[in-house]
Amino acid sequence: MEFRLLGTVSVVTEAGGLPLGPVKRRSLLAALLLRPNNPVLVEQLTAALWEQESPPSARSVIQGHVSRLRTSLISADAGAYGVELITQGTAYVLRMPEARLDAHRFQELVSLARGQRGPAEALAMYREALSLWQGPALADAYPSPPLQAAAHALEELRLGSVEQMAALYGQLGEHAQAAAVLHAEAVAHPLRESLSAALMTALHKAGRRSEALDWFHRTRRLLADELGIGPGRELGYAYAVVLREEADDTAVDAAALSRAATVHVAPLPSITPIALHPGVADLLPRAPRGFHGRAQELVALSRAAEGEAPVCLVTGPAGVGKTALVVQWAHRERAGFPGGRLYADLRGFGDTGEPTIAEVLREFLLALGVAPRRMPESANGAAALFRSLAADRELLVVLDNARESEQVRPLLPGGPRCVTVVTSRYRLPGLIVTDAARPVPVDVLTTEDGTALLAGVLGEERVLAEPMAARQLAELCGGLPLALRVAAARLADRPDWALCEMNAEMLDSTHRLSLLEVEDTGIRAALRLTVRQLPEHVADHFACLGRHPGTRFDRYATAALVQTDLADAEATLERLVASHLVTEAAPGRWTLHDLVRLYARGLDARPDTLTRVLDHYIVTALAAATAAEPGNETCVPLPPDFLAPTAVRRFTDRNDAMAWYTAERDNLVLAAAAARTAGLHSRTWRIVMLLWPLMARWALDDWTPLLETALDAARADADPAAESRVRALLGWVLTEEGRSDEALRCLEMAPALSARAGDLRGEASALVVLSWAQAALGDPDEAAGGCARAVELAREADDRYTERLALYHLARYRLDTGQWQSALDTATEALAFEDLPGTVVASRVLLLTTAGEALLGLGDETEGLRRLGVAAREAETSGYDDGAVRALGVLLRVSEDAGFRARYDAAVARLTADVNARL
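First residue of the sequence shown? That's 286 in this note's numbering, and the numbers climb one at a time after it.
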């Protein structure tokens, strides 16, 4: 989708031109396009659509045209191109990527041409710029004064570009071509003396002296007849040169170049063009090409810039596009700063060294018109003069790449109508304290905006050909504009390379940063400059954080990684957050951007860093398991070469422990994978086994692959007791998944492995789980025999917790075979274990339910219902919904009590909601 003002006002899509309706609607669109992404008031639109006094219905007419124009844009799927016509109070805003507007592209190309050193390169830019014109600007718009003024400004810019292009042809010795370019414009604008003078010079240099003289006399007569004046100095000078064939050609060239240099490249005019004084300071870099998105940040910056002498602090990590955002905003808002626009790169994160305060102030003062001889000698004097000159100006000051607040303070203008925008990779809280700086954080781009940025560099056709690959590439670049531009540059240099091929290379994390580097630009170079500014010990700590196997970490993991205490760890994190190398993702939880993590992993760190963080997770998970399942045997001993962390988290209760497990689950899984990759087998199976409280709660969460990894590690560690316990947990999960045959094969070796290791507790636990698989396969008698043996082993090991577990399962198997009294006796025996410290509600609820069912089987309905009622209430009170469903389900089989039904349905609903939330 392309919008055109350089000719007839039109909107061109892939399907052709978009019907725009009557001239008023086209004129309204033109008025909006002259100020893209800026509010245009109804009063401004009224002035643009009616030359004389507007009718009483003007507002309604405008609303109708806006509505129809919005409908047309929606029907053309303008949203897919980032185009949207919105209402903003009493104004309308046409949001769009400005690169889709031919007038904007024309202005950018002209600015680029002015910046070229070689005439050939500049000439190519001018040719491309002028090729965008397809007729007079706003050719079919309503001829109101604001639109005519805008069209005139655009035409002046075009004519100036033609004159500059002709001067460049002259520099290259192509005088005939210069004359050809100028002739058509001189005919169309016969009273424009600069065109006639340039044409005369070109004709003379091309050896067509008589034509040059004829053109002078023709122009002289027109000036006399139409305006009653004679030729001006420029035209007269060209005539004198033609008359003297022996004239110094060098002087002619110098005059032509001087004339070309005076052509003013004005900003794209607004509806009511603002004439700026020719001496206004403007040090802004050119507007960034291919800028996309950032609508929220631009609005936030505009809001932060409101009020008296605001200081806006734009912060974000390296490569996120802070400078591009600020420069884009500054160009959009340039009309609001008629006092001047100053810019300085403070180079706080560069290789070339920072400029002194005096150097920056000298550039500012020179731009504001201070003569070199009046320049103060001291930095303090220069700062005072700068504040004095800025006091009554509407001035914009952009201080880019500041490293610390002290760099910024002497450069603040202080005038009530001045706005200062500071960019930094650091948060600069000191500037917020002393100067009430208003933070404007800049984050990575969304996947959609990242994909659009790729399209802006590579072309929409290439991105639309592989939309999914483009999205994946944007994600692999982590939404960093710098990474996206480097990736796009590589692809642009390889037109035959598919995006999916680039992705295949990028998926290799060890190679990704190298792919995101071209010449001296890339993510690695940008991050290196940031890290270099850190104190040495903080940089070392940053390298250690790169060894964290997961995505998020807390202060305890940080302390373990960097081998320090919690206070020092928190200080490190605070410094890294201020540098935008680390992000606080949630209270007490920090993370590294994917590309930052890859960079950190490439830095030198202590060789035992990974082992230390793995051991941190092992000891913390042991503490969590003890709090989550109090009284249970520690199923995992510490490794023989355990590296104790400086601080270990303590858990207050089961809920606290389970919250930690839930938050750290992904980290624990990734830690196990990192341990396996590093060949640390003793850590691998321990970390997996310590997830058992989560497995017990969420048995169907696809734990099998992880447990198979632990089984391989236990075998590699040559630890039969560990292998037995892993097999027991894996067999239990397989049985829960309904894969009882596989579970039985996995469990058959487990008791013998524990017996060989002399692990009575492990053997008892393995027999309990094996019996469960046997029962699931329809062999309750075999299962009961295994449980009876487990009871004996547990008693021998003095493990009353495993004994109680074995008694519960034995009671269930006897219940299943109709042995009511034996089941009741066994359950009653297990219930007597409530004197154990840390007895959990779940086991009591299950035993009460089993006893209640046995009593019902014996015909004692009253006591059976009482036991089941107690079990249901205790389960509901403790939030054990699974137990409540079991107890209430049995009650409903005996009684049709409506209260039981309501409680049962409520427990099922809670259980279902919990499962759905997990999914």
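Hints listed in this document are in silico derivations from the structure and should not be mistaken for laboratory results.
Among these hints, one or two may not hold up.
[Claimed, not checked] Label-pair distances were calculated between CB atoms; the ranges are:
1. Ala469 x Gln337: 18 to 26 angstroms
2. Gly403 x Ala376: 39 to 47 angstroms
3. Ala750 x Arg574: 31 to 39 angstroms
4. Arg659 x Ala863: 36 to 44 angstroms
5. Asp425 x Gly403: 35 to 43 angstroms
6. Asp1101 x Gly964: 41 to 49 angstroms
7. Arg1030 x Thr1162: 50 to 58 angstroms
8. Leu568 x Gly292: 50 to 58 angstroms
Beta carbons: idealized from backbone N, C-alpha and C, even for Gly.
List of violated hint numbers, smallest to largest: Hints 1, 3, 7 and 8 contradicted; others consistent.
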